[in-house]
Amino acid sequence: MILRLARLASLPVAFVLWEIATRRADDPFFPPPTEILARMHKDWFSGPASHLFLTGQATGNIFPSLARLLTGWAIACVLGVAVGLLAGRSPRVADHLAPLIHLFRAIPPPALAPVFLAAFKIGTEMQVATIVFGVVWPVLLNSVEGARDIDPLKLETARAFRLSRRARILRVLLPAAAPKIFAGLRLSLSTALILMVISELVGSVNGIGYLQMLAQSTTDIPGVWTCIVLLGALGLVLNATFLTLERHLLTWRGQG
Amino acid sequence: MTPAAGVPRKAAPPRRSPRRTAWTRTRRGVQGVAAFLLLAELASRTGLVDRDVLPPVSSVLTEAGRLAGDVAFRTDLRATVTAWLLGLAEAVALAVPLGLLLGSLPRLEAVVRPVLEFLRPIPAVAIIPLAMLLFPDALDLKTTIVVYASCWPVLVNTLYGLREVDPVARESLASFGFGPLSVLLRVSLPSIAPFVAAGVRMSAGIALIATVSAELFASGSAGIGTFINTAGSSARMEPMLAAALWAGVLGLLGNGVLAAMEHRLFRWRTAR
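Protein sequence lines, in the order shown, are assigned to chains E and X.
Each residue of the first sequence is one higher than the one before, counting from 1 in the numbering used here.
Each residue of the second sequence is one higher than the one before, counting from 1 in the numbering used here.
Incorrect hints may appear among the rest.
Under 8 Å between C-beta atoms, here's a sample of chain E residues computed to sit facing chain X [as the list claims (entries may be wrong)]:
| hint | residue |
| --- | --- |
| 1 | 10 |
| 2 | 60 |
| 3 | 64 |
| 4 | 112 |
| 5 | 114 |
| 6 | 115 |
| 7 | 201 |
| 8 | 202 |
| 9 | 206 |
Computed beta-carbon distance windows for the label pairs [to be verified]:
| hint | chain 1 | residue 1 | chain 2 | residue 2 | range |
| --- | --- | --- | --- | --- | --- |
| 10 | X | 53 | E | 249 | 33 to 39 Å |
| 11 | E | 15 | X | 53 | 45 to 51 Å |
| 12 | E | 122 | X | 117 | 31 to 37 Å |
| 13 | X | 180 | E | 47 | 52 to 58 Å |
Source of the hints: derived by calculation from the structure; they are not laboratory data.
Here the structure is a predicted model, which is why all the values come from computation and not from measurement.
Glycine included, every Cβ here is placed at the ideal spot set by N, Cα and C.
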């Protein structure tokens with residue numbers, strides 16, 4: 001009972017301690033959390049009710065960031081799952097691709113953000129390309145594993161019932177590989193957030209990373225902090241949303 | 001209907017010796033790489049893809065070879081490796097004791113965990129702009145980002161490993177009169193070591209990403225990221241891609257060394 005109370009109280013207590021510590025220290029680099037929240041409210045959440053209280057700065061930067069993140073992630077998911085299922089079912093394909101996949105996966109994706117910036121010029125393509133390149137590997141490798149470890153009896157039964165190739169893939173292969181695939185998708189979602197930020201920091205004309213870089217270049221420290229808090233909250237929300245979706249989609253496995 | 005029904009059922013594949021399959025795998029791997037190199041080279045040479053976007057692979061590889069002998073680039077490589085390893089070591093030195101502390105005091109863990117769960121989703125790269133203002137020194141900036149990014153897998157694995165410690169071993173030692181510290185040293189530490197090692201290997205990849213990310217912004221320092229950034233400002237594709245390739249080689253080497261160490265050190269561990 002006391003333990004549960006302590007657990008519930010720990011976040012508010014941490015918040016208060018943070019507030020007290022920052023007010024005591026009075027260090028310009030560490031503004032008190034209330035100041036950060038007030039600034040977030042003023043900058044982003046004090047808009048008209050018709051816009052769900054979002055300001056122009058919020059809609060003009062948070063939405064483009066989210067759009068890039070989700071587009072890049074979706075492209076990587078489709079690519080990774082398609083190639084992964086193919087390679088998982090065909091050792092020949094898997095053997096041919098293995099060294100390339102391992103080399104490409106080892107390249108730190110932020111190293112390519114300037115490359116894509118030079119190739120695509122500034123804009124959404126560059127950010128989406130960075131995200132896709134960075135997050136396709138976990139999806140791909142997990143799909144390979146999921147498809148490889150499928151019970152052969154299932155596929156043979158499907159064949160015996162003369163299910164079409166399409167039906168075999170959609171109804172047998174994909175559901176059986178789904179738990180592994182979802183593990184890869186979740187990992188890639190958090191990586192996608194990191195790469196969204198880095199690609200926007202490297203070069204962008206809008207977005208959360210752009211706002212943060214703008215605040216940094218004008219030594220607007222509370223502005224930098226608001227973006228850190230927003231990105232943390234975004235990471236939390238994305239992960240929670242994904243877990244809820246996963247639980248709904250995978251309940252048939254009796255784990256829900 | 002599909003032709004699948006008419007296709008004769010494949011007979012069970014003949015058993016192959018392990019050496020033969022390994023050879024087949026290598027041959028196919030080499031074929032795959034060769035095909036990729038050839039296609040990429042052709043795509044660039046024939047103008048299918050703009051040369052400014054994708055330079056011929058041969059010129060990228062030549063550039064990579066030239067960079068390996070280049071004194072300035074070697075300084076960059078060394079700076080990256082230094083920040084990478086230093087940050088990783090600091091992360092381990094921070095996360096393992098913290099994990100041990102939280103793991104041995106469940107009440108403290110219950111209280112601290114929500115705060116940690118709140119900090120964890122913050123992407124380490126989001127800290128870069130703040131760290132740029134806080135740390136004038138490039139190495140400080142880089143290691144801070146690396147520590148923040150890479151302490152999580154080690155911490156999580158340490159906590160997980162402590163939960164897997166054999167309670168019988170722990171309690172028998174305690175009943176023989178060993179104090180909590182000796183139990184920690186003789187039972188807990190050896191049994192969590194493989195988990196910590198796995199966490200370190202995971203962290204190493206993340207740490208390299210964090211190092212290169214920080215280097216993209218740590219101006220006036222050495223590092224692969226700095227090199228790529230400088231080459232990028234004049235849009236010279238070959239050196240950028242060659243440097244990214246070397247960063248990939250670093251990642252492969254790091255992973256290989258850590259995996260080999262894990263294999264050697266923990267061969268005694270049969271239960272995976």
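*asked:* Under the constraints set out in the numbered hints, which ones does this structure not fulfil?
replied: Hint check: 2, 3 and 9 fail, others pass.
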